[in-house]
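Asker: Sequence:
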Amino acid sequence: MKITQIPRHNLSFNAIQKEDWAQIMEEQSINDFRSRDLTLALFYSTSLISQNQINLIHIFSKFKDFKMLNPQEPSAYYAVLINRYVGRTYQQIPYFKDKQNQDQIRNLLLNYTYHDLDVGYVQGMNFIAGTLVYFQVPQNQKIFNELIYKHRNIYIAGTPGLFENLALLKFKLKAKIPKLFKYLQEIGLNDFGICFSSYYLTMMLQNTSFQYQMLILNIYQLMGQKYMTKLLIAMLKLSKNTIMKLKDVENVNKYI
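So in the UniProt record's numbering the end of the sequence shown lands on 256, straight run, no missing numbers.
Check each hint, because a few of them may be wrong.
Stated by the list, open to error - Derived EDC-like pairs (lysine to aspartate or glutamate); straight-line CA-CA distance at most 20 Å:
no. : residue 1 : residue 2
1   : 237       : 248
2   : 150       : 116
3   : 226       : 186
4   : 247       : 164
5   : 150       : 164
6   : 142       : 118
7   : 245       : 164
8   : 230       : 164
9   : 176       : 164
10  : 150       : 186
11  : 254       : 164
12  : 254       : 186
13  : 170       : 116
14  : 182       : 250
Stated by the list, open to error - Each pair of labels, with its calculated beta carbon distance range:
no. : residue 1 : residue 2 : range
15  : 251       : 168       : 43 to 53 Å
16  : 172       : 77        : 17 to 27 Å
17  : 34        : 98        : 23 to 33 Å
Keep in mind that the hints were calculated from the coordinates and are not lab data. C-beta: ideal position from N, C-alpha, C; glycine also.
Input sequences plus hints: build the corresponding full structure.
Answerer: Right under this line is the structure:
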């Protein structure tokens, strides 16, 4: 593995070269690399195509200790709920109006509920399932189950993980972008769930361009929920001046 120290945006990391990615693909292993370096390299690499990103999600998955709960009796309530939201998945994209594609999304969501009745289905999961179907990710049920179950604290009754992440986001925003934090307080945006819940519930996929969606899922596989907060803070830094020109919570929420 060729190591190059690259300072970028006040970060220093071991750059992963094109030949390193080839090694990872060939050996189906990330043992020689740090998760932090892989995450940053995913952002900066120009050699990875969409199929590489699909392959990587399986490679990253292999290195996580994961076992799903045994199946239970399905709940008719979840079936009704899922049917309602499958049709709302990326509604602007013709691909998701196709019945066969909708059936694939529905099956992913229903099969998960059989194994985890305490979570069942929560609004937002349909976008994660939709992304896996759209990119035709092999073994998509396994990947979907792992993505949700590993982070089920966001979805379980009472959504404790969601509230923890929103509290962390608020803390980080106050510390890193105090002017923006103060402005949001002044216009009355005290409940960050209004603007940011969907980012966590959909793993940032709902409003992300499709060209970046597999990248986001791979980062999520490597780094988990904490990286979503880092990404949101970075996005807010870039958008600070625009947001501070908006005069009320409604327009800020719409923009975010």
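Asker: Which of the listed hints are broken here?
Answerer: Numbers 3, 4, 7, 10, 11, 13, 15, 16, 17 - these are the hints that the structure violates, sorted from lowest upward.
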